Amino acid sequence: MDLIWQGMGQAFWLVAHGDREIIGVALLTLGVSLSATILSLLVGIPAGAFLALNRFPGRQVIVSVVNTGMGLPPVVVGLFITILLWRNGPLGLMQILYTPTAIVIAQFVIAAPVVIGLTIAAIQQLNPRLRLQILALGASRWQMVALLLREARLPLLAAIMAGFGAVISEVGASMMVGGNILDETRVLTTATVLETSKGNFDVAIALSVLLLFLVFAVNLGLTLIQQRRRPL
Amino acid sequence: MFRNFIAAILLVLTLATPLLGCSSPAAPTATPSQKAPSSATSQPATPAANAKPANPQLILATTTSTQDSGLLDVLVPMFEKQTGYDVKTIAVGTGQALAMGERAEADVLLVHAPDSEKKFMQAGHGAERKLVMHNDFIIVGPPADPAKIKGVKTADEALKKIVAAKALFVSRGDNSGTEQLEKKLWKQTGLDPKGQDWYKQTGQGMGATLNVASDKNGYTISDRATYLATKKNHSLDILVEADKALLNIYHVITVNPQKSPKINVAGAKAFEEFMVAPDTQAVVGKFGADKFGQPLFFADAGKQDN
Amino acid sequence: MNGETSVNAAESAMPRSAAAPSRSHLPALEATNVTVRFGDRVVLDVPSLAVSAGEVMAIMGPNGAGKSTLLLCLALLRRPTSGEIRVGGEPIRWGNDLLPTRRRMAVVFQEPLLLDTTVQENVALGLRLRGRKEAEAKESVRFWLERFGIEHLAKRQARTLSGGEAQRTSLARALVLAPETLLLDEPFAALDPPTRASLISDMKEVLRETGTTTLMITHDRDEALALGDRVGVLVAGQLRQVGTPDEVFASPVDAEVAAFVGIETVAGGIVINQEEGVAQVEVGGQIVESVSPIRAGNRVLVCLRPEDATLLKASDREQMTSARNCLRGTVSRVIPLGAQARVVVDCGFPLVALVTRRSAVEMNMAVGQTVRVSFKASAVHLIGH
Numbered sequence: 215m216d217l218i219w220q221g222m223g224q225a226f227w228l229v230a231h232g233d234r235e236i237i238g239v240a241l242l243t244l245g246v247s248l249s250a251t252i253l254s255l256l257v258g259i260p261a262g263a264f265l266a267l268n269r270f271p272g273r274q275v276i277v278s279v280v281n282t283g284m285g286l287p288p289v290v291v292g293l294f295i296t297i298l299l300w301r302n303g304p305l306g307l308m309q310i311l312y313t314p315t316a317i318v319i320a321q322f323v324i325a326a327p328v329v330i331g332l333t334i335a336a337i338q339q340l341n342p343r344l345r346l347q348i349l350a351l352g353a354s355r356w357q358m359v360a361l362l363l364r365e366a367r368l369p370l371l372a373a374i375m376a377g378f379g380a381v382i383s384e385v386g387a388s389m390m391v392g393g394n395i396l397d398e399t400r401v402l403t404t405a406t407v408l409e410t411s412k413g414n415f416d417v418a419i420a421l422s423v424l425l426l427f428l429v430f431a432v433n434l435g436l437t438l439i440q441q442r443r444r445p446l
Numbered sequence: 245m246f247r248n249f250i251a252a253i254l255l256v257l258t259l260a261t262p263l264l265g266c267s268s269p270a271a272p273t274a275t276p277s278q279k280a281p282s283s284a285t286s287q288p289a290t291p292a293a294n295a296k297p298a299n300p301q302l303i304l305a306t307t308t309s310t311q312d313s314g315l316l317d318v319l320v321p322m323f324e325k326q327t328g329y330d331v332k333t334i335a336v337g338t339g340q341a342l343a344m345g346e347r348a349e350a351d352v353l354l355v356h357a358p359d360s361e362k363k364f365m366q367a368g369h370g371a372e373r374k375l376v377m378h379n380d381f382i383i384v385g386p387p388a389d390p391a392k393i394k395g396v397k398t399a400d401e402a403l404k405k406i407v408a409a410k411a412l413f414v415s416r417g418d419n420s421g422t423e424q425l426e427k428k429l430w431k432q433t434g435l436d437p438k439g440q441d442w443y444k445q446t447g448q449g450m451g452a453t454l455n456v457a458s459d460k461n462g463y464t465i466s467d468r469a470t471y472l473a474t475k476k477n478h479s480l481d482i483l484v485e486a487d488k489a490l491l492n493i494y495h496v497i498t499v500n501p502q503k504s505p506k507i508n509v510a511g512a513k514a515f516e517e518f519m520v521a522p523d524t525q526a527v528v529g530k531f532g533a534d535k536f537g538q539p540l541f542f543a544d545a546g547k548q549d550n
Numbered sequence: 235m236n237g238e239t240s241v242n243a244a245e246s247a248m249p250r251s252a253a254a255p256s257r258s259h260l261p262a263l264e265a266t267n268v269t270v271r272f273g274d275r276v277v278l279d280v281p282s283l284a285v286s287a288g289e290v291m292a293i294m295g296p297n298g299a300g301k302s303t304l305l306l307c308l309a310l311l312r313r314p315t316s317g318e319i320r321v322g323g324e325p326i327r328w329g330n331d332l333l334p335t336r337r338r339m340a341v342v343f344q345e346p347l348l349l350d351t352t353v354q355e356n357v358a359l360g361l362r363l364r365g366r367k368e369a370e371a372k373e374s375v376r377f378w379l380e381r382f383g384i385e386h387l388a389k390r391q392a393r394t395l396s397g398g399e400a401q402r403t404s405l406a407r408a409l410v411l412a413p414e415t416l417l418l419d420e421p422f423a424a425l426d427p428p429t430r431a432s433l434i435s436d437m438k439e440v441l442r443e444t445g446t447t448t449l450m451i452t453h454d455r456d457e458a459l460a461l462g463d464r465v466g467v468l469v470a471g472q473l474r475q476v477g478t479p480d481e482v483f484a485s486p487v488d489a490e491v492a493a494f495v496g497i498e499t500v501a502g503g504i505v506i507n508q509e510e511g512v513a514q515v516e517v518g519g520q521i522v523e524s525v526s527p528i529r530a531g532n533r534v535l536v537c538l539r540p541e542d543a544t545l546l547k548a549s550d551r552e553q554m555t556s557a558r559n560c561l562r563g564t565v566s567r568v569i570p571l572g573a574q575a576r577v578v579v580d581c582g583f584p585l586v587a588l589v590t591r592r593s594a595v596e597m598n599m600a601v602g603q604t605v606r607v608s609f610k611a612s613a614v615h616l617i618g619h
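Chains as they are written, first to last, in this note's numbering: chain A, 215 to 446; chain B, 245 to 550; chain C, 235 to 619.
What the hints contain is simulated information worked out from the structure, not anything from laboratory work.
Please note that the accuracy of each hint is not assured.
Chain A regions said to be covered by chain B (calculated; three or more residues, Cβ under 8 Å) [unchecked claim]:
id, region
1, 275-288
2, 300-306
3, 386-397
A few chain B residues facing chain A, derived, Cβ under 7 Å [as the list claims (entries may be wrong)]:
id, residue
4, ALA348
5, GLU349
6, GLY451
7, ALA452
8, LYS506
A short list of chain A residues far from chain C (calculated; beta carbon distances all over 10 Å) [to be verified]:
id, residue
9, LEU217
10, ARG234
11, LEU344
12, LEU349
13, ALA350
14, GLY352
15, SER354
16, SER383
Here the structure is a predicted model, which is why all the values come from computation and not from measurement.
We put the CB at the ideal spot given by N, CA and C, even for glycine.
My request is simple: use the sequences and hints to build the entire structure.
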């Protein structure tokens, strides 16, 4: 228990002191995970909307694949992405293994199914006649999709939080595709693993506290947007 | 409100863009542990290669023990500064480090499992293999020492006593260099601990394994560096040391360039030369002395290898 | 100054309100040979339907008759299996971009289907979708909020509204678009009776003022009567009859339409005599007179609304009646229904009469009792086979 208080104190000290290494790791973590989340939103929300609003053969299969993907283990993603990105592997020419880009890709693969799946659910919980009503008021197809997404904004923000939460907290994929290289690909989770294996529990706890704080800050921001002007 | 929603998305986007910019490889920052040894050493006279090498990307696959001890946090920035290479240090188990070399996914290896390394060289996966340094393994256990192994001269005898006492033994079980040495020692005793009640595998790194052993009052084999570096977290004593069988010998291996055109031959060669260079060896030989009262490694470059 | 501005704005928002609605007979909306099939099942088959510019057409029908399907087709939200729909004389080409045509219409559904934002924003929605100028939109929105008596709710979140307030918002949202054609899908069905009555009367006024071509579907014949310039009856996917409310309610073309418009006595008979526009029909062994030109020898259905039949005590010989029909029968069933009671009298055929609950008690109405039923010849409608 002492260790936890000690770690929290250290976390505060490291940040207040402006420890460049820790702050660099924290900023990288935030940058990588936010980028991956935003990419997954750019792909996942349109894809989810498409799957929710259209009926075509094979749709059920795709939705099942997406739902399975929502529980994709990060290490599995990490392993496959690593093998794909190996310099002698199929995508080796991109030369992005052990870079933040590789982590963003892996985290995107983890977050995208979460965002797609929750977007499908968010749109399907809307009254199906709402689509007709919006069209009947003179909306183009794009205007209708935009309005439906806006109507589903509360569950969509939950989707964003779930996607972000999934990627910022994962360690397996970041470790494998990033390599946990200081100043390049070391993020808070991999740094925590490293410090734990070094036995530096106080630093590990400090990193964990910092990670929790970042997740909290981002979710607080999203929650404030989500719950704004909802008096009931 | 719709516009607000879009605005929120845009805000997140703009927030993330500069952060991404930061995420591109930055210049190595100073770490606390880095300053101490470099001040204790004369700065290498090698002229800093300001001109970047043609292919600056160098992948070093190494063991977690070198990273956990903090030695690489000193040596890698030194090497990068001297040569201009950009080293990607991938710290994994020795098994995975050798496998990465075999698949030409690493350019140079720093590993400590001599038997596997010899097989690796015989199979033609490596180009050159040079002795760098050693530290030693120690058998550690609870101060109460239920198997009475304190002061025993050889690891062989100590393990036999642990078996006889059915005292708890904690193994890493992660195919690391440390575990490979442990396996070799068990083989010499002619005993097979696998599946015994008193034999536990953690599947984790050295630091974590030491903690498990400490927690459960068990014995384990550790490298001295990690043991010393993590002393504050556990209550294990050194019970057996200085047996020749317990030496932990590190070699640097350059991966055979014929395996793939992507191998950074020049970089690997430069790293190999750097590791055995006198200045580097001086740093290695003093590393950790200020912090633990004794150095963690013994510089061995150029010595007779067996 | 302020008041003047809003009056001007009102006129500009509702350009056709000043002039008397012009009821030209050019069809604003037409359906020709429109069918909709689900697999082998034909859910809609309308050979011809035309809504004239400026008129309010109410299509009635029981649940499952295909009313909503017809409305969705006319709103261009559902493509019929076959047939042609014309809007303002122009045939619709499915597969082309129908947005410009859809933007000439507005639809209000049974559920208000408001977006999760303020009342004001909801009403402005269609204008926003059309990219109208903010200031112009604001004036129109304010006008229609006032017109439906919900200006005090402008800033309220739509999800906090009552059912009636929400439906008023939904109607304002449609009318603010000044649509050429307004399509209403049971807009009053989910409201409680007082709310519904007040909204129907407001709506009647609005439609009269704007002269908007309107097609409303409903399962409630009172709504159809209240709002429709013409009414149509859709039964089992087929448009059985279209005409003025008087025509349809007084002279249904078949037994199902008759039943739907509230005629409870429908009995088969044969015309035995025709004299000066009055037909004598033999039905169930009795003679019934009807104002009808149908000639002797024709088989007919005799139709009578329950409210047009008066019950008299059989013994009360003093009480004379001016009605030409006066039949004897025995009460076979008494069905109390709120303030009224339905009495089924067996006069050789079952005849339904409506009496107040009170007179049912006074007359000591009981099953097996002999009564007289009187009704005018003009109340009897004959449907020829």
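The hints, checked one at a time:
For a cut-off of 8 Å, the count of residues in the region 275-288 of chain A with a CB near a CB of chain B stands at 0, and the three-residue condition is violated. For the region 300-306 of chain A, the stated coverage by chain B is satisfied: 4 residues place a CB nearer than 8 Å to a CB of that chain, which reaches the threshold of 3. Chain B is given as covering the region 386-397 of chain A, and this holds because 5 residues of the stretch bring a CB closer than 8 Å to a CB of that chain, at least three being needed. Annotation: ALA348 of chain B was flagged as interfacial toward chain A, and the flag holds, the nearest CB pair being 6 Å apart, inside 7 Å.
This hint holds: GLU349 of chain B has a C-beta 5 Å from the nearest C-beta of chain A, less than the 7 Å allowed. Using the Cβ-Cβ criterion of 7 Å, the hint placing GLY451 of chain B at the interface with chain A is satisfied: the shortest such distance is roughly 4 Å. This hint holds: ALA452 of chain B has a C-beta 6 Å from the nearest C-beta of chain A, less than the 7 Å allowed. For the restraint placing LYS506 of chain B at the interface with chain A, the shortest Cβ-Cβ distance is roughly 5 Å, inside the 7 Å limit, so the hint holds.
The beta carbon of LEU217 of chain A is kept farther than 10 Å from every beta carbon of chain C, the shortest such distance being approximately 47 Å. No Cβ of chain C comes within 10 Å of the Cβ of ARG234 of chain A; the nearest lies about 46 Å off, and the non-interface call holds. Separation of LEU344 of chain A from chain C is inadequate, the least Cβ-Cβ distance of about 5 Å not exceeding the 10 Å criterion. Its closest Cβ contact with chain C, about 6 Å, brings LEU349 of chain A to no more than 10 Å, contrary to its assignment away from the interface.
A beta-carbon of chain C comes within 10 Å of the beta-carbon of ALA350 of chain A; the shortest separation is about 4 Å. Not every CB of chain C lies more than 10 Å from the CB of GLY352 of chain A, the least distance being 4 Å, so the non-interface label is violated. Residue-level check failed: SER354 of chain A sits 6 Å from the nearest beta carbon of chain C, not beyond 10 Å. For SER383 of chain A, the requirement that its beta carbon stay farther than 10 Å from each beta carbon of chain C is met, with the minimum near 31 Å.
This entry does not satisfy hints 1, 11, 12, 13, 14 and 15, going by the numbered hints stated previously.
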